[in-house]
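Novice: Please build the complete structure, drawing on both the sequences and the hints.
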Amino acid sequence: MVFRLLCSKRGEGNIPLQRILSGILAFLLAMTLVLLTSFYALSDLKEGTSFERSVMARDIATQVDALSSMPANILLDTETYPNGYSFEFEPNSVAVIDPNDKSIKTQQIVYPFMQDLNIVYQLGYFEPFSITTGKESKYTATNIKMGKTGDYFFATNAYTPVDEEAFSCPPASTSLNTKSLLIKQISNRAALAQPDIKNLLKNAEIAIFTYPEELQEGSIVAYIPKTALDERVRFACLFLNRASANFQKNGLSLEGRAIVPFDFDIQATQILMVIAIDKSTYESSRQSVLDAVTEAINLYG
Amino acid sequence: MADPIMSKKGTTFGAYILMIFLTVVLVLIPFNGGIQVLVAKAIAYNADSHNLEHYILFHRVMESPNSIFYTDPVLQRTYPSRVDISKFNEETLEKLMDKGSKTSISFKLTLKTPEDTKEIFYNKNLYEIIEPTHATRPAFLSEINDPMHYKRSKFQLIQTSYPVTAVYPSGREIPGILIVSAGFERTA
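Protein chains in written order, with our numbering: chain A, 4 to 304; chain B, 25 to 212.
The set of hints was computed from the structure by calculation and includes no laboratory data. This one's a predicted model, so the numbers in the text were calculated from it and none came from an experiment. For every residue, glycine included, the Cβ atom is placed at its ideal position computed from N, Cα and C. Errors might be hidden in some of the hints.
Below, in silico cross-link-like pairs of lysine-lysine (BS3-like), each with a Cα-Cα straight-line distance of 27 Å or less [to be verified]: (1) B:126 x B:178; (2) A:108 x B:178; (3) B:111 x A:252; (4) B:123 x B:178; (5) A:252 x A:282; (6) B:111 x B:142; (7) B:123 x A:108; (8) A:148 x B:123; (9) B:119 x B:142; (10) B:148 x B:136; (11) B:126 x A:108; (12) A:105 x A:138; (13) B:119 x B:148; (14) A:141 x A:201; (15) B:136 x B:111; (16) A:282 x A:201; (17) B:123 x B:148; (18) B:136 x B:126; (19) B:178 x B:148; (20) B:119 x A:252; (21) A:252 x A:201; (22) B:126 x A:105; (23) A:148 x B:119; (24) A:108 x A:138; (25) B:123 x A:252; (26) A:252 x A:148; (27) A:141 x A:108; (28) B:111 x B:126; (29) B:111 x B:148; (30) A:148 x B:126.
Per label pair, the in silico range of CB-to-CB distance [stated by the list, open to error]: (31) A:82 x B:149: 33 to 41 Å; (32) A:255 x B:57: 52 to 60 Å; (33) B:210 x A:18: 53 to 61 Å; (34) A:121 x B:210: 24 to 32 Å; (35) A:254 x B:155: 37 to 45 Å; (36) A:65 x B:58: 27 to 35 Å; (37) B:149 x A:133: 44 to 52 Å; (38) B:105 x A:254: 25 to 33 Å; (39) B:105 x A:208: 28 to 36 Å; (40) B:38 x A:40: 21 to 29 Å.
Specialist: Written out as structure tokens, the structure reads:
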């Protein structure tokens with residue numbers, strides 16, 4: 004019966020039926036291709052990381068926007084991203100990059116934020132370390148820490164300081180050319196009860212004093228106790244670097260700076276730093292110096 | 025003229041090629057494209073954070089020390105209920121929100137005092153597009169009852185008004201009303 008449907012009495016092919024079968028065959032072929040494409044697309048969606056990275060990019064951009072808007076100094080907890088992604092901060096946008104995603108379209112997911120032009124942004128590029136074992140590459144987690152102190156925003160990771168130069172001590176570039184007034188001030192013990200800034204630095208109390216001194220014009224000197232630990236020196240370096248940035252931002256010029264270990268002749272139970280500012284610029288630059296101290300305290304945390 | 029589809033003996037190999045070609049063009053490519061568009065839309069829709077972003081930027085104008093409000097020079101404290109007239113200008117807003125960003129946002133700030141009414145804009149062109157067609161959201165995110173309603177509309181406006189004191193550089197203080205309208209365009 005079937006044979007008769009396909010063949011005419013003469014044994015020739017039944018042309019209309021062949022046409023129908025050809026159509027069905029073509030349709031089945033097309034459906035197979037469609038299904039394969041769908042499975043491929045869904046499999047790509049399942050295994051792809053675009054959605055995850057899109058959420059991350061939005062989350063980070065929102066945090067930057069929020070921090071920029073806050074009328075306070077804030078340090079967020081370090082955020083750990085264990086997926087091996089890289090994070091590239093540009094002015095007004097953040098990109099989350101998956102090195103394993105070979106598609107040009109989705110390799111990096113970019114999302115915008117909005118900078119406040121009154122704020123100095125310390126942004127950067129954060130990538131995980133890759134470890135290759137055989138043919139397989141594995142990536143370490145990426146840590147990002149964000150915060151804002153005064154008009155200074157920073158994004159950093161747990162391994163490097165805010166910027167490579169932030170903790171590096173510049174060579175002393177000013178000298179004490181007169182007898183330091185500091186000695187007289189310190190001899191007045193009562194003055195130590197009234198620091199300009201009193202705060203906590205890694206759970207230790209820190210007291211900061213400022214006073215005008217006969218220095219080279221535009222210079223500041225950070226006096227720290229002779230018995231200071233390396234950590235205190237490090238803090239003083241961070242302060243001087245922040246002061247340099249603050250002076251520049253406020254249109255001032257920091258011509259010279261130095262860290263001077265000093266015998267305070269007192270048993271300082273707290274972390275102590277006395278900052279001498281050039282007499283001629285004391286009034287105009289004191290606020291920048293205090294801001295730099297606040298920033299350094301927050302960054303050091 | 026030779027029929028490309030039918031030979032004398034029936035369907036040719038060329039016909040199959042043509043059928044597959046048409047299937048690919050008419051079915052496969054649109055279907056594939058459709059799936060990709062749906063996936064992209066689904067990702068953008070589910071990861072949508074525009075509401076929150078807009079509120080954060082709205083509150084930047086309302087609370088940031090770099091905004092139009094008075095900051096005590098000694099205490100360095102900003103008072104959101106005191107408008108510093110010397111800062112009430114478009115330059116302040118343009119410094120507060122970088123126009124280089126791709127975030128679509130616009131503001132209209134109106135300060136009404138018994139003596140004067142002052143209006144300043146940020147991204148005025150966008151604001152004038154948004155204002156006639158907007159859906160108004162409440163001034164606080166927590167007051168939104170139906171988030172889906174706002175997800176559907178492209179242009180949205182957040183408005184608030186409250187009494188303030190206008191502080192002049194001379195130290196003179198005048199009571200007034202500050203009206204803040206923020207217009208947003210939902211992007212991808």
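Novice: Are the hints correct? Go through all of them and say.
Specialist: Hints versus structure:
For the proposed pair residue 126 of chain B and residue 178 of chain B, the alpha carbon gap of about 16 Å is at most 27 Å, so the pair holds. For the suggested pair residue 108 of chain A and residue 178 of chain B, the alpha carbons sit about 25 Å apart, so the restraint of at most 27 Å is met. At most 27 Å may separate the alpha-carbon atoms for a hinted pair to count; residue 111 of chain B and residue 252 of chain A meet this at roughly 19 Å. Annotation: proposed proximity of residue 123 of chain B to residue 178 of chain B holds, straight-line Cα distance about 20 Å (limit 27 Å).
With a CA separation close to 21 Å, the supplied pair residue 252 of chain A and residue 282 of chain A stays within the 27 Å bound. Pair hint residue 111 of chain B plus residue 142 of chain B holds up; C-alpha atoms about 12 Å apart against a cutoff of 27 Å. For the hint linking residue 123 of chain B to residue 108 of chain A, the alpha-carbon distance of about 26 Å falls within 27 Å, and the restraint holds. Between the alpha carbons of residue 148 of chain A and residue 123 of chain B the distance comes to roughly 26 Å, so the proposed pair stays at or under 27 Å and holds.
A C-alpha spacing of about 19 Å is found between residue 119 of chain B and residue 142 of chain B, which places the hinted pair at or below 27 Å, so the restraint holds. At roughly 19 Å between alpha-carbon atoms, residue 148 of chain B and residue 136 of chain B fall within 27 Å of each other, so this suggested pair holds. Proposed proximity of residue 126 of chain B and residue 108 of chain A is supported: the alpha carbons are some 19 Å apart, at most 27 Å. Annotation: proposed proximity of residue 105 of chain A to residue 138 of chain A holds, straight-line Cα distance about 17 Å (limit 27 Å).
A hinted pair counts as satisfied when its Cα atoms are at most 27 Å apart, and residue 119 of chain B with residue 148 of chain B qualifies at roughly 15 Å. This hinted pair does not check out: residue 141 of chain A and residue 201 of chain A have alpha carbons roughly 46 Å apart, beyond 27 Å. A C-alpha spacing of about 15 Å is found between residue 136 of chain B and residue 111 of chain B, which places the hinted pair at or below 27 Å, so the restraint holds. This hinted pair checks out: residue 282 of chain A and residue 201 of chain A have alpha carbons roughly 23 Å apart, not beyond 27 Å.
At roughly 12 Å between alpha-carbon atoms, residue 123 of chain B and residue 148 of chain B fall within 27 Å of each other, so this suggested pair holds. For the proposed pair residue 136 of chain B and residue 126 of chain B, the alpha carbon gap of about 32 Å is over 27 Å, so the pair is violated. The hinted pair formed by residue 178 of chain B and residue 148 of chain B meets the criterion: a straight-line CA distance of about 17 Å does not exceed 27 Å. Distance check on the hinted pair: residue 119 of chain B and residue 252 of chain A sit about 15 Å apart at the alpha-carbon level, within 27 Å; holds.
Between residue 252 of chain A and residue 201 of chain A, the direct Cα distance comes to roughly 25 Å. Compliance with the 27 Å bound is thereby established for this hinted pair. Of the supplied pair hints, the one linking residue 126 of chain B and residue 105 of chain A holds, its CA atoms being roughly 26 Å apart against a limit of 27 Å. Our distance criterion of 27 Å between C-alpha atoms is met by residue 148 of chain A and residue 119 of chain B, whose separation comes to about 25 Å. At roughly 26 Å between alpha-carbon atoms, residue 108 of chain A and residue 138 of chain A fall within 27 Å of each other, so this suggested pair holds.
Distance hint between residue 123 of chain B and residue 252 of chain A is fulfilled; the C-alpha atoms sit about 21 Å from each other, no more than 27 Å. A hinted pair counts as satisfied when its Cα atoms are at most 27 Å apart, and residue 252 of chain A with residue 148 of chain A qualifies at roughly 24 Å. Restraint check for residue 141 of chain A and residue 108 of chain A: satisfied, since their Cα atoms lie roughly 23 Å apart, inside the 27 Å limit. Between residue 111 of chain B and residue 126 of chain B the CA atoms are separated by roughly 25 Å; this keeps the pair inside 27 Å, and the hint holds.
Our distance criterion of 27 Å between C-alpha atoms is met by residue 111 of chain B and residue 148 of chain B, whose separation comes to about 18 Å. As the CA atoms of residue 148 of chain A and residue 126 of chain B are separated by approximately 24 Å, the hinted pair is consistent with the 27 Å bound. Checked against the hint of 33 to 41 Å, the pair residue 82 of chain A and residue 149 of chain B passes, with Cβ atoms roughly 37 Å apart. Restraint check, residue 255 of chain A to residue 57 of chain B: a C-beta distance of roughly 59 Å satisfies the suggested window 52 to 60 Å.
Taking 53 to 61 Å as the suggested C-beta distance range, the pair residue 210 of chain B and residue 18 of chain A conforms, at roughly 58 Å. Restraint check, residue 121 of chain A to residue 210 of chain B: a C-beta distance of roughly 27 Å satisfies the suggested window 24 to 32 Å. The supplied range of 37 to 45 Å is met by residue 254 of chain A and residue 155 of chain B, whose beta-carbon atoms lie about 39 Å from each other. Under the hint 27 to 35 Å, the C-beta atoms of residue 65 of chain A and residue 58 of chain B, about 31 Å apart, fit the expected range.
Residue 149 of chain B and residue 133 of chain A have their C-beta atoms about 47 Å apart, which keeps the hinted 44 to 52 Å range intact. Our hint of 25 to 33 Å for residue 105 of chain B and residue 254 of chain A holds, since their Cβ atoms are close to 31 Å apart. A hinted range of 28 to 36 Å holds for the C-beta pair residue 105 of chain B and residue 208 of chain A, which are about 35 Å apart. Look at residue 38 of chain B against residue 40 of chain A: about 25 Å separates their beta carbons, and that is inside 21 to 29 Å.
The structure fails to meet hints 14, 18 from the earlier list, while all remaining hints are met.
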